[in-house]
Amino acid sequence: MAGIKSLEELKRLKEEALAKRQARTTTGGIQITVGMGTCGIAAGAREAMKAILAVTEEEGLSDIIVRQTGCIGLCEWEPIVEVEIGDQPKVTYGKVTPERARQIMKEHVIGGKEIPEFKIPA
Amino acid sequence: MKEIALHILDIAENSISAGARNITIDIHEDLTRDRLTITITDDGKGMDVAEIARVVDPFVTSRTTRRVGLGIPLLKAAAEACQGGLTIRSAPGQGTTLTVLFQHSHIDRMPLGDLPGTFLTLLIGYPNIHWTFRYRVNNQEFLFDDTPIKQELDGVPLTEPSILAFLRNILEDGISRLQESRGE
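Just so you know, the sequences run in chain order H and S. For the first sequence, my numbering assigns the number 3 to the initial residue and increments by one for each residue that follows. For the second sequence, my numbering assigns the number 3 to the initial residue and increments by one for each residue that follows.
Isolated chain S, as found in the complex (with noise of 0.2 Å):
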């Protein structure tokens, strides 16, 4: 996978597997800083030390019990590859937050991608779960919860037409300003 918000839709897919019902996805890009930091957090199962061994480092132990992929191991390298790395705090009944780091001017840096792809896809794909959607630029922010929307919507599905329209011009207008706003 060649980008950052690829990445994302692929963890949050490992939250819905564990049963999260709220899940956040937060991305802060901190040019003065030079760190890029991805944070997903879900209040699904959570998963004990053992656990969390098994998802980030898949050779070293055998997976039974839980099915994730490759995905994580792969970020987790991408990100050590550009001074980072990545966390995961979790604890059965506690959900599970995940994070990612990257030194944002890195050669090996991928790119973010198309994040306005992944945030439609996801908020689509699965309309039951409460998603927020935090974009950050240095301390400029775009934030979108889904939560006004579905209660305006009252039921209409986000797939009709006008709907899906107004959804993406929602996050592709939010997201490219901030990205405008770094000058690229």
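Here chain H stands alone, though its shape is the one from the complex (with noise of 0.2 Å):
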């Protein structure tokens, strides 16, 4: 288990988070979620979280929420990541590879643009 002294880490890495979230401007809440039913699993949902939760770490990316939801029954487009910002409409990207997912997270939820090429047809 996490140790005396990384609980003591734990405790200055959170003091340093609550004090950059409030000299922030808050940016209307993004939401992530990704398909984790059988059928995303096995095509790759978990390395398609890894790889938001990386790009989360390296750009510093603060009040994002990520979630995991069960099979949504579109299973042939897994896997599936749908995101959400502030008031806008949720867009579903399908066919999720790591690096589709590393630049849903640069140019949608960063640069604020939809990849409309990745978007499961409506």
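Hint data in this document are derived by calculation from the structure and do not stem from the laboratory. Treat each hint with caution, since some may be false.
As the list claims (entries may be wrong) - Keeping only pairs whose Cα atoms sit at most 16 Å apart, straight-line, the calculated EDC-like set for lysine to aspartate or glutamate is:
| no. | chain 1 | residue 1 | chain 2 | residue 2 |
| --- | --- | --- | --- | --- |
| 1 | S | K4 | H | E49 |
| 2 | H | K13 | S | E154 |
| 3 | H | K97 | H | D65 |
| 4 | H | K7 | S | E154 |
| 5 | H | K22 | H | D65 |
| 6 | H | K13 | S | D156 |
| 7 | H | K16 | S | D156 |
| 8 | H | K16 | S | E154 |
| 9 | H | K121 | H | E78 |
| 10 | S | K152 | H | E10 |
| 11 | H | K92 | H | E78 |
| 12 | H | K108 | H | E78 |
| 13 | S | K152 | H | E17 |
| 14 | S | K4 | S | E154 |
| 15 | H | K7 | S | D110 |
| 16 | S | K152 | H | E11 |
Hints given; two lone chains; assemble the complex.
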């Protein structure tokens, strides 16, 4: 388990994160959801998730909510990643390889521009 | 699925669907007895005997009551091909314990795979679940219980970049230290 030393480190990290959050204006909330049913997992959803978390870490992105969910019934499009930014409509991306996940993070989540060619056709 | 770690992710998803609040994942590599045992325990709604039969063998009975896919039958077949097996202990209202056993040295046994990746995914993806991860190689143990971390964070999200790095490092270091000890 995380020893006392690492809990002290965690305390410091928490205080730094809180200070940063106070200094920042709110971004309107970003929620990213990864489909993690059997179909999604078999298609590589965990690697998509890891890529999303890696970009969050590398780019120092705060205030991003990352969740996973079960099968949503579009198994042939897995791995599926949904991006919701503020009040904008949810965008659903399909066949999200780790490379696509990185691109979605950089262009859509950070840059604010959807990537139409990765979207699941409505 | 070619990794035990991916199957673990899949089974944990069943525990979530069953409404679990506390999920414990225990992986034991017992090289002395040549056994690899994985146990996943939840406090979800549980299953009666007929439901257990249904999730274990979906081709014999119709699947209409519960959204559980082919993950469990596939894992069971993989374990049985390695001198092992899969058992489920459960009762309505009593939670579920699923145990999978493999002969550790069996040539067909799939690798454990990316355990830190699976644990981090579950921890971040379902922050409202109380997670306990226990990984043992022979009699050495890595135990990760998220309670003290969540208490200390007091609502600061696990996805804050520095917290994410902290969690990833604890999981990766703890698991790789044990894996190095068995000489891989």
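| query | If you check each hint against the structure, which ones fail? | reply | Violated hints (numbers, rising): 3, 11, 12, 14, 15; every other hint is consistent with the structure.
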